[in-house]
Structures are given as structure tokens and as C-alpha cells.
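J.: Listed below, chain by chain, are the residues.
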Amino acid sequence: MNDGPGGSAKPFDPFEPYRGMRDASLDAVARVMVDAVNSEGYAQASGAMLDACLTASTPFREALGRSMVHALEQLSLPSRQEVASLAARFTNLEMRLDDMDAKLDAVFAAQQKAAATAASPAEAPNPAPPAPAAGKRTRPAGAEAGLPGKRGMRGSKR
Amino acid sequence: MAEAAVGPDRPTLYEQRLQTLSRVLTTRARIAQTPRQMVWALNKARLFRYIPVVPAGQRHRIPLLLIFAIMNRPSILDLRPGHSFVEHMVQCGYDVYLLDWGVPGIEDQELKFDDYTLEYLPRAIRKMKAVSGVEEFSLLGWCIGAILTTIYAAMRPDDGLRNLLLLTAPLDFSNRQGLTFARWTDSRYFPLEKVLAAFGNMPGEMIDYGAKMLKPVENFVGNYARLWDIIDDPRAVEAWHAMNTWVTDCIPMAGAAYRQLIDDFYRHDRLMRGELVIRGQRVDLSRVRANLFTMIAEGDHITPPCQSVSIMDKVSSRDKELFRIPGGHIGIMAGSAAHKLTWPHIEKWLGTRSE
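Chains as they are written, first to last, in our numbering: chain B, 1231 to 1388; chain F, 2 to 356.
The set of hints was computed from the structure by calculation and includes no laboratory data.
Idealized CB from N, CA, C, for every residue including glycine.
Misleading hints may appear alongside valid ones.
One-sided and incomplete, this derived list gives chain F residues near chain B with beta-carbon spacing under 10 Å [to be verified]:
#	residue
1	44
2	128
3	190
Which bits of chain F does chain B cover? Going by a derived footprint, with three or more residues having C-beta under 8 Å, they are [to be verified]:
#	region
4	193 to 200
5	282 to 292
Same shape as in the complex, but just chain B:
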């Protein structure tokens, strides 16, 4: 088991003789346990225990939830559900922003393509940049440094 330097430098371990016995017994117990948890009986018993726990705790959980909502209401504070609802709305907003980001990316890409097309005849005296060969690629500004692009990154402010 030990991958490191061992041999004669290894200190005396009084537990060493028991290690083989331990491993053998663990293996034996492991096999029995794997068979046990693979049985229908285990599935049924664990399901029944979980069901009983949840059934028993539900009234308390609901009562606690109701009283918490009531207390928060009295304190003019938003409930958990209200905060969750607000978070969901923020996510929707983020998605709209992402849609706009996608459209802007498309516009910039089209612009770059148009500019490249327009520039190529004018630059005829100079040798044109070679087309990206296999293994190479064209990248937007900032990409090489791992930057998301010229327009910055929404998520970076988080």
C-alpha cells in the first residue's frame, strides 16, 4: 500500500502483523455488506425508514415554516419563498442579458468579417495574412490572454 520510501528505514510498527488479518476480515465483511445493500430487503427497509422519518417530521416542518413566514411578515422581512422568487427573476434577467450578449457578439463578428472583406482588395500590394491553417486559429481580441472580449465580462463583477 505504501508507495513511498520504505524498506529498512521504515519504523517498527506493532500493528503490522494484524494488518493482513484486518484486511481479510474487512474484505469478508465488505462482501457480506455489498450483498446486503443489493437486496430487495434493504431497499424496502431503507425506503420505509426514510418514509417514516419524513412523515413524522412533516407536521413540525410545516408548522415551523408557517410560523417563520408569520414572524418575517411581522418584521416586514421577505420570506424564503419571496427571496427565491426574486432570485429566479434575476436569473431571467441574466438570460435576457445573455441573449443581448449573443446578439452583440454576432454583430461584432459580422462587422469584423465585413471589414476584412472590404480591406482585402486595398491591401493587395501587401501580402495578405495567410488563412488559418490546421492547428492555428483566428481569435477575437483579448481571447489569447484568456479574456472574454473587448466588452468585458458580466460575471467578473460577482
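Once you've looked at the hints, dock chain F against the given chain B.
T.: Leaving out everything else, chain F in the frame of chain B:
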């Protein structure tokens, strides 16, 4: 205390061992350290680009996007310096991206596979394309991430996906006798709706407990016995510490997605039977045309090999390979032999298809 009488070295040795034990059991190892930059974010999801170390001209043209499960941290793909799949791929000249799904809050309990595959994933891919400047890409899905990437590949076959890599992909749930999870979550026993009504999202601790109970002795006893065995080997202890840090970092799974996983996949095997409906559209696996690489871990008890084989006959991909490898669900990618066996094989397969 009894060892004090045996010799002067003994207390120091055992003190050291106890200190090591205490440290690795009570602290978190530094994992996921490969330099990266966030390039996109939506809700809890984050898309990271790993800073390339190979000059642009020598890199592979096609970027690689890594997708891990939604109920574990993706840091297992970048476990520790010198033993990180991400680091390996970056050094091999790939433009590597990682989509981290984040930790769902109570407001995310309605998130479904539909949202992950048709809302988050396409947006992240669009951003990756914009950043990399390349229209084609490779997707690597591991565990539940493989379900998400497979659904995506079937729903969006014209999005530029060139290579699809599935690692220990739980896709086929027809062999119910061979799936312990399927037995546990059987509708006769498992109170799915009660659990979700109680917690909203499926708690990470319950998922972790379920995964560990598949091999209870190994996980609850053997793992710590092994730590004691390697306690004098600093390198082995650091490896154990890093893995333990990842294993114990449980995150919940969005309630609606968990309901789908149990009901659509474990109970009814809807994906393979062609009955899975995502956003009103049936998921047709024959629409997957990307080059396909499927990796099966022979000793996987979480996703037994039988779950990942039948996908090969369902897809339309002409270029496909099924690769079997000894090891467990996580061990094949993060174990001590991963850098000799798994990563080179993935790199070899992907390298010729990334130009």
C-alpha cells in the same frame, strides 16, 4: 502514552501520525489550482477557460469543453498540481474550458435536465465559440455530465459538435437487476415526492450517503484504514487528502432534475427507449453524429459497464470507439494510474480529431 516507555522516537512518530491524521481529516486540501479565467456566468453556472501554456500555433484547433455531474464539484477534473486531467490537457495543447454548474439554491429547485441541456449548455457553448473563435468543439461529459452532453448532442446536432467523449456514462437503465440505485429508488420503496417536498433540492449529503452505501465497508472503514497504512508517506497522504476534500464537498441536486433522474432514467429508462421528452421534443439518439468515444470503467459500481454500452448502437456516428479500462467510477480519471492509462488514451483519440 504507553509508547513513551519503549523508546525516545516512538512518541514523536505517533505524534506525527496523529498530527497528520488530524490535519487531513479536519482541513481541506488545495485543489483545482490550474490557472483559469471565468469567461461566462449565468445564475450559479460558470464557464472557465484554462490559461493556455502552449503557443497558439502549436495548439489543437478545436476547443474542449468539460462537463461534470450536477451533484458534485467539477474540481475532480483538476484535482491537484501534477495530477490533474485539466493540467494534462492544457499541457498537451488543448484550449480547455470547464462548465461548473455551481450549487443550486432553493430558487433553483425547478431546474430540470431541459434547462441544463437547452438553456445553460448552448449559451456556454456559444460563449466558448466566441472566445475561442472556432465554430467546432469537443465535449467531454463524465457521469451525469455524460447524460447532459448526450442529450445536447442529440438535440443540437448542428451546433458544431465534432467530438463527444462520454466517461462512465449512465445512459442505459434497462438492466434493473444490475443497478443497485435502481433498486433503492424503485417507486414501491423510495418516497421521491416526499423527499423533494421536504428538502426542495436533493441534499448533497443524502446523495453522498447513497453513493457510499453501495460499498459501505470500503467507504466508511476501508478508506480510513488505508489512510493509516499510508500515513508515513507524505505524497500518498496528500493524494488521499485531495481526494477526500473533493469527496466530502457535497452539493445538492436541483429538485426537478433529481425527479427526472429517478423517474425518467432509473425507473423508466426513457432515454434509451426513445421516450425522453425535453422541452416538448423527443430525444432521438440516432441524431448524434459527432465522433463518439465512450469510456467504461470495468470496476465501476456507481455506473456499471452495462449502462454505457448500448449507446454505441443507437447513435449515427461513423467514427466511434468503446474503450474499457480497469478501475472505478472516479478512479479512472483521478486515481494514481489515470495519468498513465486514461489521460493518454483520451488525448490520443482526441488529438487526431481536434485539427
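J.: If a hint holds in the structure, say so; if it doesn't, say that too.
T.: Evaluated hints:
1. Annotation: residue 44(F) was flagged as interfacial toward chain B, and the flag holds, the nearest CB pair being 5 Å apart, inside 10 Å.
2. For residue 128(F), the interface hint holds, since its Cβ comes within 10 Å of a Cβ in chain B; the closest pair sits about 8 Å apart.
3. Below 10 Å, beta-carbon pairs count as interface contacts, and residue 190(F) has one with chain B at about 3 Å; its hint therefore holds.
4. Only when three residues or more bring their CB closer than 8 Å to a CB of chain B does the claim for the region 193 to 200 of chain F stand; here the count is 4, and the claim holds.
5. With 0 residues having a beta carbon nearer than 8 Å to a beta carbon of chain B, the region 282 to 292 of chain F misses the requirement of three or more and the stated coverage is violated.
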